[in-house]
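Trainee: Each chain, written out:
Number of protein chains: 2
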Amino acid sequence: MTTKEIGQKLVDLCKNGKNREAMEQLYAPDIVSVEAAAPAGRPAESKGRDTAIERNKQWAAANEVNGATVDGPYPNGDRFTVVFDFDLTRRSDKQHYHQKEVALYTVKNDKIVREDFFYST
Amino acid sequence: MTTKEIGQKLVDLCKNGKNREAMEQLYAPDIVSVEAAAPAGRPAESKGRDTAIERNKQWAAANEVNGATVDGPYPNGDRFTVVFDFDLTRRSDKQHYHQKEVALYTVKNDKIVREDFFYST
Chain A
5 MTTKEIGQKL
15 VDLCKNGKNR
25 EAMEQLYAPD
35 IVSVEAAAPA
45 GRPAESKGRD
55 TAIERNKQWA
65 AANEVNGATV
75 DGPYPNGDRF
85 TVVFDFDLTR
95 RSDKQHYHQK
105 EVALYTVKND
115 KIVREDFFYS
125 T
Chain B
5 MTTKEIGQKL
15 VDLCKNGKNR
25 EAMEQLYAPD
35 IVSVEAAAPA
45 GRPAESKGRD
55 TAIERNKQWA
65 AANEVNGATV
75 DGPYPNGDRF
85 TVVFDFDLTR
95 RSDKQHYHQK
105 EVALYTVKND
115 KIVREDFFYS
125 T
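Chains A and B are the protein sequences, given in the same order.
In the working numbering, each residue carries its 1-based index in the first sequence increased by 4.
In the working numbering, each residue carries its 1-based index in the second sequence increased by 4.
Okay, chain A solo, but in the shape it has when bound (with noise of 0.2 Å):
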């Protein structure tokens, strides 16, 4: 597949709201995750699918996701960029806010081996 394609599978899949799915179908075992700012107690950078997925669940399990726009992929080489806004509500204080980002993900052997996150801090 094309770095667009695997592109499009992914952005299709989170707009259909099964972020976990295109973790599970497109991430390479050992994908390197890269945050813009280090969870509190945790590295910025970590290693692996179950890892992502993981830190995925407990980002779900502390925000509601009221909707999300998925805008993309915009490719170049073997790389494709997305850009997330999510409409979320913090479940602990029910404060809504907005968390806009740029997803930059490298592809290889047809899986997403590389994501790098970019938002404010």
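Be aware that a few hints might be false.
Note that identical chains are pooled: a pair holds if it fits in a single copy or bridges any two copies.
To be verified - In the BS3-like style, the derived pairs of lysine-lysine whose C-alpha atoms are separated by at most 25 Å in a straight line are:
1. 112 x 22
2. 104 x 19
3. 19 x 8
Calculated directly from the structure, the hints in this document are not laboratory data.
Predicted model only: the values in this text are computed from it and were never measured.
With chain A's structure known, arrange chain B on it following the hints.
Mentor: Frame of chain A, contents of chain B only:
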């Protein structure tokens, strides 16, 4: 300056239509520019601030910019991304179109040393 501050300078200039000033002020002399697609008769990758400015002049000569949204910067480490949406009229045939792209910038010693443009080709 932080990566975010460099990114904010670029965004502020571009929001005011001062894309060329942004290049002159913020680009390193030997910046590497990587397009998603190779322009006619040229490689996708080019080198040098002067080359980048020359390409920008050619782009502006071919397209009238009716408006642009400039969204960012979204930083991560020594890199930041900006989402551009240009409202353009191609001068040759008066065709009106949008060009949306994600730009990924790499900063070193307070200058942008690399730019990668992501868009559908």
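Trainee: State for each hint whether it applies.
Mentor: Okay, the hints, checked on the actual structure:
1. In this assembly of identical chains, residue 112 and residue 22 lie within 25 Å of each other by CA distance solely inside one copy; the values are 22 Å within and 37 Å between copies.
2. For a Cα distance limit of 25 Å, the shortest separation of residue 104 from residue 19 qualifies both inside one copy, at 15 Å, and across copies, at 19 Å.
3. Taking CA atoms no more than 25 Å apart as the test, residue 19 paired with residue 8 passes inside one copy only; the shortest distance there is 16 Å, against 29 Å between copies.
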